[in-house]
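The task is simple: from the sequences and hints, build the whole structure.
If you're matching them up, the sequences are chains A and B in order.
Numbering-wise (numbering that gives the first Met the number 0), the first sequence opens with residue 0 and increments by one.
Numbering-wise (numbering that gives the first Met the number 0), the second sequence opens with residue 0 and increments by one.
Quick caveat, the hints were computed from the structure, so don't treat them as lab data.
The model shown is predicted, which means the values in this text are computed figures rather than measured ones.
Some clues are possibly wrong.
Unchecked claim - Listed next, the stretches of chain B that the computed footprint assigns to chain A, with coverage defined by at least 3 CB atoms under 8 angstroms from CB atoms of chain A:
1. 390 to 396
2. 522 to 528
Unchecked claim - For lysine-lysine, the following DSS-like pairs were computed, each having C-alpha atoms within a straight-line distance of at most 30 angstroms:
3. B:LYS644 with A:LYS5
4. B:LYS426 with A:LYS5
5. B:LYS389 with B:LYS491
Unchecked claim - Covered stretches of chain A (in silico footprint by chain B; criterion: 3 or more residues with CB under 8 angstroms from a CB of chain B, positions within the stretch not fixed):
6. 68 to 78
7. 86 to 98
Backbone N, C-alpha and C fix where the C-beta goes; we use that ideal spot for every residue, glycine too.
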Amino acid sequence: MHPLRKQRLMIVIFIVVFSSIAVGLMAYALRENINLFYPPSKIAAGDVPHNKRIRAGGCVKPGSVQRASDSLQIQFVITDGTADVKVNFNGILPDLFAEGEAAVINGVVTDAGELDASEVLAKHDENYIPPEVAEAMKDKGEHQASCEGLKYAS
Amino acid sequence: MPLDFVQLAPELGQFALILSLCLSTALFFLPLIGAHYGSHLLMRSGPSLATGFFFFVAFAFFCLTYSFIHDDFSVRYVATNSNSLLPIQYKISAVWGGHEGSLLLWILMLAGWTLAVAVFSRSLPLDMQARVLSVMGFVAIGFLSFILFTSNPFDRILPMPPQDGSDLNPLLQDIGLIIHPPVLYMGYVGFSVCFAFAIAALLTGRLDSAWARWSRPWATMAWGFLSVGIALGSWWAYYELGWGGWWFWDPVENASFLPWLIGTALIHSLAVTEKRSLFKSWTILLAIFTFSLSLLGTFLVRSGVLTSVHAFANDPERGVFILGFLLLVVGGSLTLYALRAPVVKGSTGFGLFARETLLLGNNILLTIIMIMVLIGTLYPLIADALNLGKISVGPPYFNVFFLPLMGLLCLLMAFGPLANWKRTSGKQFLSLLWKPWVISLIFALLFPLFYRDTYEPLAALTVFVASWVFTALIADTLYRIRNGSTLVNGLKKLSLSYYAMVIAHAGIAVTVTGVGLTSIYTEERDIRMEVGQHVQVVEYEFVLNKLVKVEGPNYIADEAQISVFKDGQFLREMKPQKRRYLASGSTMTEVALDVGFFRDLYIAMGEPLTETAWAMRVHLKPFVRWIWLGALMMALGAVLAVADKRYRKAVKQDIQVDLPTGKLLNE
Chain A
0 MHPLRKQRLM IVIFIVVFSS IAVGLMAYAL RENINLFYPP SKIAAGDVPH
50 NKRIRAGGCV KPGSVQRASD SLQIQFVITD GTADVKVNFN GILPDLFAEG
100 EAAVINGVVT DAGELDASEV LAKHDENYIP PEVAEAMKDK GEHQASCEGL
150 KYAS
Chain B
0 MPLDFVQLAP ELGQFALILS LCLSTALFFL PLIGAHYGSH LLMRSGPSLA
50 TGFFFFVAFA FFCLTYSFIH DDFSVRYVAT NSNSLLPIQY KISAVWGGHE
100 GSLLLWILML AGWTLAVAVF SRSLPLDMQA RVLSVMGFVA IGFLSFILFT
150 SNPFDRILPM PPQDGSDLNP LLQDIGLIIH PPVLYMGYVG FSVCFAFAIA
200 ALLTGRLDSA WARWSRPWAT MAWGFLSVGI ALGSWWAYYE LGWGGWWFWD
250 PVENASFLPW LIGTALIHSL AVTEKRSLFK SWTILLAIFT FSLSLLGTFL
300 VRSGVLTSVH AFANDPERGV FILGFLLLVV GGSLTLYALR APVVKGSTGF
350 GLFARETLLL GNNILLTIIM IMVLIGTLYP LIADALNLGK ISVGPPYFNV
400 FFLPLMGLLC LLMAFGPLAN WKRTSGKQFL SLLWKPWVIS LIFALLFPLF
450 YRDTYEPLAA LTVFVASWVF TALIADTLYR IRNGSTLVNG LKKLSLSYYA
500 MVIAHAGIAV TVTGVGLTSI YTEERDIRME VGQHVQVVEY EFVLNKLVKV
550 EGPNYIADEA QISVFKDGQF LREMKPQKRR YLASGSTMTE VALDVGFFRD
600 LYIAMGEPLT ETAWAMRVHL KPFVRWIWLG ALMMALGAVL AVADKRYRKA
650 VKQDIQVDLP TGKLLNE
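This is the structure in structure tokens:
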């Protein structure tokens, strides 16, 4: 074969081989690792697949945080004003996690309809609210995009 | 009452910025027109305009710093990012602690690089230099208009300035933040020089080895800065965020990693273009993409579309501006590329096992990795824009493709330095590489056996990849000095750029070791710790002695005093803190570290549980320092490569600048 063509063929082979490896890996990775965001009302309504990693977020309901006395097990409730979801977490909460503030949770919905959190994220400064949570709160009336105006009806 | 400098500084700074916008506009037009019509006078105006541009930007930066030091809270930006209690070093670093100031820093860096081009490119043909400076001027216009029209750091709050500022975000009150942004920006902005060179090459149609030799040091330098910048960010996240993680695949981290990946491809592709006059169009394309990705990073981080510590601005107008500028740069340069690239292509052949082939593989792999990271980063944004739902792509996605592809890259990396240009026989590879292969294999299989009780196959794989790269480098060095009379004489004969390559590649091996072994062997105990309680982590024992209150300059803190014992012997006392900053009321974790070459001990306070108990993170992180050490080695490699004497040889001035070489269209 002409050397130039041989060289082109090689470049093509290179690209084809590497890209197919890449595409294969990506298809696999995307199937497993994309987390959809759900507000508490959807979880409570049962619109969320169980035992699959999801992302949820809402305001931490004041007075709902309960700690175990001998371990790091913790339980709290998040709400978007419409529905509440119980969250279980074993670990250390971020610095700015607080009652009445927004939090984002990565975890799995159990068959009991509770959220088993593998990770809890809170805002990173005083004036910040995660956009997903802000979005979920937006429909809830007068106090847009904030946990402050939320009526924590039981 | 006479006005003093403190009161005037913001206005003077503002004025200086406007002047520098005027100068950069002149810098864009005059040399370009001069190059087109062959006017020496206009072309020679470039360096002077660049100097003026740098001077005024530096002056504006000085004015803003001055306002910070003197607590001028009538300036909105100072009021939102500083506080009278803030220690002086943080008052200075607070200058780039927010959106407006960090943008000003960006522009200062751009001005610095432009000045550097003006000063160090005297050996370049005049029309080339004029065009390069002109493109730099164009980039400067974009960013100066951005800062002046949408995010002016000198805006005042008048007539009622606040009594005191609302303080710098406590996360940013740290040595890591003092140096991380400037270094990172040096890298980001440095690629604008390569971009300018690429555009100038497209304009003139002159893309030869000489061109590659001019651009190479700039690309290498920018790449070195970017490597260190990313490593500093990772190091900062490690000890400041209190999670013990050093890389999160956070979109903002990805934003800095994307230009690094393509920049790495660029410096390798440039090598082929310089030595063999191949891959020319490809190199140009990489240079365009590297800078475009830097801009994309700036857009992602600064527009507020992402959520992270870096996303200061939530002003949509700003996002639109950067996006528009990004489209202009990418669209414009790609159009130019489409029109002009056929003119600059070259063709010579090379064999299957040639160094060109390996570098091609390197480029393709790095590009594919970049595209996958880009998809993972942008997919949630695109899905959101198309109303496909709120999606997040987590670290597992990135790990699944990044680790195998990076492993493959490292395996191929060992061949690169050994291969000859044009053609290498398979026999030569075999004779040189069987020893490194065997040594790495034995070492890799034995390492996990002796390191910990349980055998980790992945650790063996990591060690194999790293030592394979490393031993192949040694084999190559030994092969190259085989004709030297003594070892020392042989080593002296090798060029500085060869050492640069060896050190940078070894840096990759070191980082790979660090990343792999830290991920595999980290011992984490997130536990409830009572006063007097003992915690055992492998051979280390931690005892919480007492909890005390400590007062700092602008915070109060809870401090835990913890004694550390190794195999029963007292090692040291560690004091992690939980700080509460007075001005902002925010809480911060101050991690206690015991740093070592082979392992870090890491203690962070979580939250108080009772009067005498805290939730604590106690981590043992083996080889974590290696991650950043490797990055420093890469940067050292970059410095040595730039110092190589072949770049300092004067380039022959054999170009007739009077020819109208700057026609934009393909006639």
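Requested in this report: Kindly indicate which numbered hints from before are broken by the structure, ordering the numbers from low to high.
Outcome: Going through the list in order, the structure violates hints 3, 5 and respects the others.
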